[in-house]
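*Asks:* With the hints as a guide, bring the two chains together.
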Amino acid sequence: MSELLSFRSLYARDERHAILAGLSLHVNRGETVAIVGESGCGKTMSIGALLSILPDDVRITSGSIIFDGEDVLKYSGKERMARLYSRIGFVPQNTSDSLYPLMTVSKVMTDAYVRSHPDAGRKHAAEKAAILLSSLGIEDAERVLSLYPSQLSGGMKQRINIASALMGDIDLLVADEPTSALDIHIRRQIESLYASLSGREGLAMLVVSHDLGFVRSIADRVYVMYAGRIIEEGLSDEIFSDPAHPYTKALMTLGTMGARDREHDLPEFGRPSSDIDRESPACAFLPRCSCRKDQCAGPVGYACISDTHFVRCVL
Amino acid sequence: MSVLSCVNVTKIFHDEDFEALRNISMNIEEGESVGIVGESGCGKSTLGSIIGGLEEPTEGTVLYHGNDVSRLKGRDFRHFRRSVQYIFQDPKGAMNPFFTLRHVLVEPLRINFPEAGKAELVRRAEEMAGKVGLPAGILDAHPYEVSGGEAQRIAIARALLLEPEVIIADECVSALDLSIQAEVVNLLRHVRKETHASFLFISHDLDLVRYFCDRVYVMLHGRIVECLDCRHMEEDAASEYTRMLLEDAYGKC
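Protein sequence lines correspond, in order, to chains A and B.
Each residue of the first sequence is one higher than the last, beginning at 1 in this note's numbering.
Each residue of the second sequence is one higher than the last, beginning at 316 in this note's numbering.
Errors might be hidden in some of the hints.
Pairwise CB distance ranges, derived in the manner of DEER restraints [what the hints assert, rightly or not]:
1. B:Y565 <-> A:P299: 21 to 31 Å
2. B:R438 <-> A:D275: 27 to 37 Å
3. A:A120 <-> B:G452: 55 to 65 Å
4. B:D330 <-> A:M81: 38 to 48 Å
5. A:D237 <-> B:D544: 14 to 24 Å
6. A:Y75 <-> B:F414: 41 to 51 Å
7. B:A456 <-> A:P281: 30 to 40 Å
Computed from the model, here is a short list of chain B residues facing chain A with C-beta under 8 Å [as the list claims (entries may be wrong)]:
8. E344
9. E347
10. L493
11. R504
12. A564
Straight line, CA to CA, 25 Å or less: simulated DMTMM-like cross-link-like pairs of lysine to aspartate or glutamate [said to hold, decoys possible]:
13. B:K508 <-> A:E268
14. B:K407 <-> A:D261
15. B:K407 <-> A:D169
16. A:K128 <-> A:D169
17. B:K508 <-> A:D261
18. A:K249 <-> B:D563
19. B:K407 <-> A:D97
20. B:K508 <-> A:D265
21. B:K446 <-> A:D211
22. B:K446 <-> B:E347
23. B:K407 <-> A:D211
24. B:K407 <-> A:E268
25. B:K446 <-> A:D265
26. B:K407 <-> A:E142
27. B:K508 <-> A:D57
28. B:K446 <-> A:D14
29. A:K74 <-> A:D97
30. A:K249 <-> B:D522
31. B:K407 <-> A:D183
32. A:K249 <-> B:E442
Think of the hints as simulated: they come from the structure by calculation, not from any bench.
A quick note: this is a predicted structure, and the numbers were derived from the prediction, not measured.
Idealized CB from N, CA, C, for every residue including glycine.
Isolated chain B (complex conformation) (with noise of 0.2 Å):
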């Protein structure tokens, strides 16, 4: 079954009178990596907050492990949340610039796991560090004062800490320069091998996408133009935009 998955999900932004996502279907299978490619403002981003329950949809129902997200409650719905963790193009946007990186790291556990003590959380952070490539000293530090690198290994540790099912990676790799997007690229690797966690890589890189992907959503003006596997591209894409985007990424170089 679909760990997390949406039937004919539809968004309307009423402010701007705008229909972002238009009827759309798609499903993460247990240990699967999926990814979204398209251009900006073309849902992707929309899609991948929906999915993880950070938005609503206008219409259309999203599903984990079958059951109707807006339905869950309480216990279920925290579970949920915990579940399906996000990491962001912009790392330091999403961490608090007044903790240190420890504080980023603990505060989350402190949250999900109210029975374990605060030395117990502080060794589990400095343990997931250390697995992320980080030096333990690093934890005092303020997010404005790492690297974007570093940072964005933070964000990775502070959702690998919390044990979930599927990570959401919008554009998670690039602001970064090569070098360093190659080094993350590789912790995720090592990070799905390790946990069978799914992954959503949500990227406008086809490149990338093909590289990490098992599957590829290639989205066009909020609707899904097809669905990929990542092994044959160029001999299963039937769509002419497919065919541009594969052009732009290899046509050239």
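The following block holds chain A by itself, in its conformation from the complex (with noise of 0.2 Å):
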């Protein structure tokens, strides 16, 4: 399997903090790769570091990014877009956010595929999306495409993002928390959405999520990042079947449904520290870490359990 995109050893921080410290990971084409881990960890800052859609004080101070062979980061921030619009397709957190009001769906889908696609008609595009949308499971196609956002459920905007993302014909979809918005049984549709699409020939996915539960549906491989960098990564079985570092099993139990047991409380293992040196060689989970020991202050290095399963952790 070749690679499509690589992060590697990437570091970004805003005026005060560091945010990215020593980000790497990659996806292979036609991979499904996931990235789990809480609020603030910098998740979703991975991907605004390779859509160029960082916040206005947020630098990238040093590593790269890799996209088909090509370091991404040597062109500026509209260069970037141009260049990488055409081959990676985004749905953004907020799909309610994203599509413009006064756009009727049809519009916002053609436009999509004119933009990569300049010498194509409009007449074409919208036959286009009529038939991307049937293949997305929509049954009233030329309906959906008449209306306005405002007029779309929740789950139907999700679907709307999804497939402007897929006008253009994209080697990556880029998604940032895809069903965090959505009801439980809307969430079940676009999990089975998303699984569909992970089938798709040639079409590598990267999702950010905090749900586990989609996660394993879809994901190949997955990353756990805490504190701004990767704490663990393996196949999908081996993160959830064997998970490895303290932290992701402490993800896992919170994440377990049905494990409740109302007699006793939730079990808790404290929140993220705002002030942990993200950037220290030392590790980041430490404080909450249950099973630490000396060795975890020094510098911590990555520890191989199978040729995919790797974990910074002295164990």
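*Replies:* In structure tokens:
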């Protein structure tokens, strides 16, 4: 499998804090990869670094992002967007706000197509939009195309965002928390939509989520992110069946539905501290860890559990 | 007797010609924790607002200790308002951004306990902040300067300060990370034990409702589908819709 995207030791910071501290991960062609972790760990920032949509005060200080063999960070924001637009589709976290309120679904989708296929006519684009919506399981595609965002349900907005992203012939679909704002029933529908996409020929996906059930159902590989870097990576089965890092284990306990026992409090393991030094070579999870050792305060490297399973922990 | 109940409540939003609630009757007993589950748009938040007196029903009656809420006046109405407190999904949206968190806590105290001195109210606010697990220093901050979990603790402290009989929690943890959710839910469990307050716990998370509540009302399209005991939901669930929710929650994981 050849590599489509890789982050290589990426560092980013705002005026006061380090945000990404040596982030390294990669996505192979056609592969579905998930990043999991709590709010503030840098999940969304890593996507922002790729797509050049970081907040104004955040700067990338070192490292590289290689897409299809080329370091995209050498291009300025605008040029990078222009280059990546036709290759990478993006479904943002808040899909309600990402559709322009005065544009019909048809306009949104045909615009997306025409921008990446400047020679194509609008009529052809509209036909393609209808076919695409049908292929995503939307029955009355013609009617949906004529609607405005305010007339769409949350689940439908999510579908339209995915469909718009797919209008260009993209190699990579990036989705930020695609299921978090949805009802459980709609969530299952969107999950199966993503599951069907993950089997699409030639389409890789990078999904950021804290919904572990969803991640488990779609991802080939999983990265666990904490305080700006990856602390565990592995095949989906390895991460879910045999988590190695105490943080990953704790996440798994919290995320297990049906494990809540009415007679007892929910398990707690503290919260991420905002004043840790993310760039320190020590383990950033140390203050919350229940099985810490003396070595954890020194430089911590990656231990290899299998050819595909790595963990940044002294174990 | 029920602390809060409603009888045959219907709510129509005339602007949109939309019937949000249809003929709903439900009750909350003293010390009981009652859940409402259902998807977005099923009317669970509207029901929460009506039973707590934030909105009026189009038809039907809301009863507080058996008294029609729409007939409560003056001191009785203020007592009702104080006794039923809300915790919302977005705590920062429910706080004045220009207030410090200390001010956020003291303001409702000042209104409801006008006879107490300011120093006394500040002392109560700081003591309550400690009880919900916040450091005293945080009260100098403004809502936008603290995390979502901290803001939700402030919202809980603000509700508790008024010594309510019923706390209506509307999706109060769904915007928080799992580890913070666990802390806030544990805090609410301790509140239940210590204050014997009743809860109306509104959530789309069936598993969480089942964990936290004694009874749950399942809602669909503005109606109550059924009411179940949380201890044996699977055995008792009669409606197809509830079965589907249970399957969605537990079937796949």
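*Asks:* Mind listing which of the numbered hints don't hold for this structure, in increasing order?
*Replies:* 1, 5, 8, 9, 14, 15, 21, 26, 27, 28, 29, 32
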